[in-house]
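J.: Protein sequence lines, in the order shown, are assigned to chains X and S. Heads up: the first sequence begins at 1 in my numbering, then just goes up one per residue. Heads up: the second sequence begins at 301 in my numbering, then just goes up one per residue.
Please keep in mind that the hints were generated in silico from the structure rather than gathered at the bench. Glycine included, each C-beta is placed from N, C-alpha and C at the ideal position. Among the hints, a few may not be true.
Stretch by stretch, here's where chain S covers chain X in the computed footprint (C-beta under 8 Å, at least three residues) [said to hold, decoys possible]:
1. 138-147
2. 210-221
Which residues of chain X face chain S? A partial, calculated answer using Cβ under 10 Å [what the hints assert, rightly or not]:
3. N54
4. L172
5. M201
6. E205
7. Q239
8. L267
9. I269
Quick list of the computed label-pair ranges, beta carbon to beta carbon [as the list claims (entries may be wrong)]:
10. S:G324 - X:H235: 31 to 39 Å
11. X:G296 - S:L332: 50 to 58 Å
12. S:T310 - X:A167: 24 to 32 Å
13. X:A167 - S:R345: 56 to 64 Å
14. S:D326 - X:L172: 55 to 63 Å
15. S:Y364 - X:N268: 57 to 65 Å
16. S:R345 - X:A261: 45 to 53 Å
17. X:R257 - S:L332: 45 to 53 Å
18. S:Y364 - X:L172: 29 to 37 Å
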Amino acid sequence: MARKKKTAAREAGTGRKPVNKLLIELLMLNTGRISDVIEREGQQIFGRDNLLSNEEITDYSLEFLELFASLLHAGERIDRRGPEYRALREFFNTFSKRIRARGASLDEFVRYIQFLQRVFLENLDAAEEVSFEDARAVVVLLGSLFNDIILDIFHIYLEEKERTIQAQQEELRQTSTPVTEIWDGVLALPIIGTLDSSRAMMVMERLLTRIERDRAKAVVMDVTGVSSIDTQVSHHLVQMIRAISLMGAEPILTGIRPDIARSLTSLNIDLGQVTTRSTLAEGLKEAFRRLGVLVGAGAG
Amino acid sequence: MARIEGMHLTPLGGGDVLIEPGEGFDPTDPDLYAEPLLAWLQAQRALRLIYDLGNVVLLDQVYYAWLLRLERLCRLADVELVVVNMRPAAAFALARILREPPPFACALDVDRARARPPRRAAQARAAEAAARCQSAQPAKATDAAASSSQPSR
Chain X
1 MARKKKTAAR EAGTGRKPVN KLLIELLMLN TGRISDVIER EGQQIFGRDN LLSNEEITDY
61 SLEFLELFAS LLHAGERIDR RGPEYRALRE FFNTFSKRIR ARGASLDEFV RYIQFLQRVF
121 LENLDAAEEV SFEDARAVVV LLGSLFNDII LDIFHIYLEE KERTIQAQQE ELRQTSTPVT
181 EIWDGVLALP IIGTLDSSRA MMVMERLLTR IERDRAKAVV MDVTGVSSID TQVSHHLVQM
241 IRAISLMGAE PILTGIRPDI ARSLTSLNID LGQVTTRSTL AEGLKEAFRR LGVLVGAGAG
Chain S
301 MARIEGMHLT PLGGGDVLIE PGEGFDPTDP DLYAEPLLAW LQAQRALRLI YDLGNVVLLD
361 QVYYAWLLRL ERLCRLADVE LVVVNMRPAA AFALARILRE PPPFACALDV DRARARPPRR
421 AAQARAAEAA ARCQSAQPAK ATDAAASSSQ PSR
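Please build the complete structure, drawing on both the sequences and the hints.
T.: Below you can see the structure in the form of structure tokens.
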């Protein structure tokens, strides 16, 4: 704040124009040329892969110049919290979303922003009456403004990526532990992969709700797809089995491979009171038997 | 329907009794309920006590200790305790604190609890099965099993 005041005082003392005003003048003098260059470069970057049509590029270029001019007009200093800055930021946000939705990468967007910055600097170079101090102030202003916009867009991009990854992880979790009603009152739960605490809690919650909703009598838990078992996983398994019993359904554990069985015995996990069957098919047969359902090969 | 402070008791017939803990029930003081409950069960000639947990949202150590105490009490009176209507959240919480399976039976609801074979009959059948294995005359053992599996009450 003190620095800004000092700069303003210096500008007032030396009779220099504020940077914003200088930029506006440059923009007014060369609007046609700047607009043409921006359109042409935009077509090179985005038109090549049909990311944007020529009309869209023209519209975006004009909109950008309009918003940029509003920002410069808003005051002697650029206010990062002002509506003009927010409008420009929103414009770039929408613009980057649009081009990324059409297959562009963030690199292309950054290249475009850098190009916009260059256009103004080149115009500054061409203006003979601009002093070195003014030129330096313009470079600093443009650099900080466009870098902030790039950073903003990058953060938004990262947040979106993060949300996508989380949604995919959630979807994977949901699909990797499907609770299926195989028969009236018989639920099957194939467990694939590892069973960490958060996944075990989620599976248990869904399973218990299904037991209540479907009035399940038996639950066949198949661990054929469990890659390895340690103390934590076995602990979760035992908790699940116990919770199923507490709900009044009968748990049947199937698909315990020899290596898993060896791990369970070495971990002193006692599954003595749990009904176990070698395969999911055998487990289902056991569940049907308990329900009094007869399953056999047809006569044909 | 009878009422002991904080709980409703309903004879369902066939030796089954339904117990529903209510608003005023305090599981931290099992002594308050033990004696009148046992007296009532014995007066009803109860064979099975069906404990409805439908209104119990969370089962903690204190509530589980009460259930254990009740199960011991029931065992002394030769009454089977069956817990029903446990909410998923309660089962979830209880499964996390249990170190061994509970000594009482669990069923999804009252109908399922009543459909379970009575413990005494189940014990009798187990004894008969053991006797059959030892016996060299399967036909006679089957006859004996048939005659002894008649309801005792």
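J.: Each hint needs a verdict: does it hold in this structure or not?
T.: Now the hints, each set against the structure:
Counting residues of the stretch 138-147 of chain X whose CB lies closer than 8 Å to any CB of chain S gives 0, so the stated coverage by that chain is violated, three being the minimum. Evaluation of the coverage hint for the stretch 210-221 of chain X: fulfilled, as 5 residues show C-beta separations to chain S shorter than 8 Å, against a requirement of three. Interface restraint check for N54 (chain X): the shortest CB-CB distance to chain S comes to about 59 Å, outside 10 Å, so the restraint is violated. Below 10 Å, beta-carbon pairs count as interface contacts, and L172 (chain X) has none with chain S, the closest being about 23 Å; its hint is therefore violated.
Proximity of M201 (chain X) to chain S holds as hinted, the smallest CB-CB distance being about 8 Å (cut-off 10 Å). Below 10 Å, beta-carbon pairs count as interface contacts, and E205 (chain X) has one with chain S at about 6 Å; its hint therefore holds. At a threshold of 10 Å, the smallest CB-CB gap from Q239 (chain X) to chain S is about 5 Å, leaving the interface hint in force. Below 10 Å, beta-carbon pairs count as interface contacts, and L267 (chain X) has none with chain S, the closest being about 15 Å; its hint is therefore violated.
Interface restraint check for I269 (chain X): the shortest CB-CB distance to chain S comes to about 13 Å, outside 10 Å, so the restraint is violated. The hinted window of 31 to 39 Å between G324 (chain S) and H235 (chain X) holds, with their beta carbons roughly 37 Å apart. The hinted range of 50 to 58 Å is satisfied by G296 (chain X) and L332 (chain S), whose Cβ atoms lie roughly 56 Å apart. For the pair T310 (chain S) and A167 (chain X), the beta carbons lie near 49 Å from each other, so the given range of 24 to 32 Å is not met.
Under the hint 56 to 64 Å, the C-beta atoms of A167 (chain X) and R345 (chain S), about 60 Å apart, fit the expected range. For D326 (chain S) and L172 (chain X), the hinted distance range of 55 to 63 Å is not satisfied, since their beta carbons lie about 46 Å from each other. With their beta carbons about 24 Å apart, Y364 (chain S) and N268 (chain X) fall outside the hinted range of 57 to 65 Å. The beta-carbon spacing between R345 (chain S) and A261 (chain X), approximately 47 Å, falls within the hinted interval of 45 to 53 Å.
Taken as a hint, the range 45 to 53 Å holds for the pair R257 (chain X) and L332 (chain S), whose Cβ atoms sit roughly 52 Å apart. Here the CB-CB span from Y364 (chain S) to L172 (chain X) is close to 35 Å, well matched to the stated 29 to 37 Å.
The structure shown violates the earlier hints numbered 1, 3, 4, 8, 9, 12, 14 and 15.
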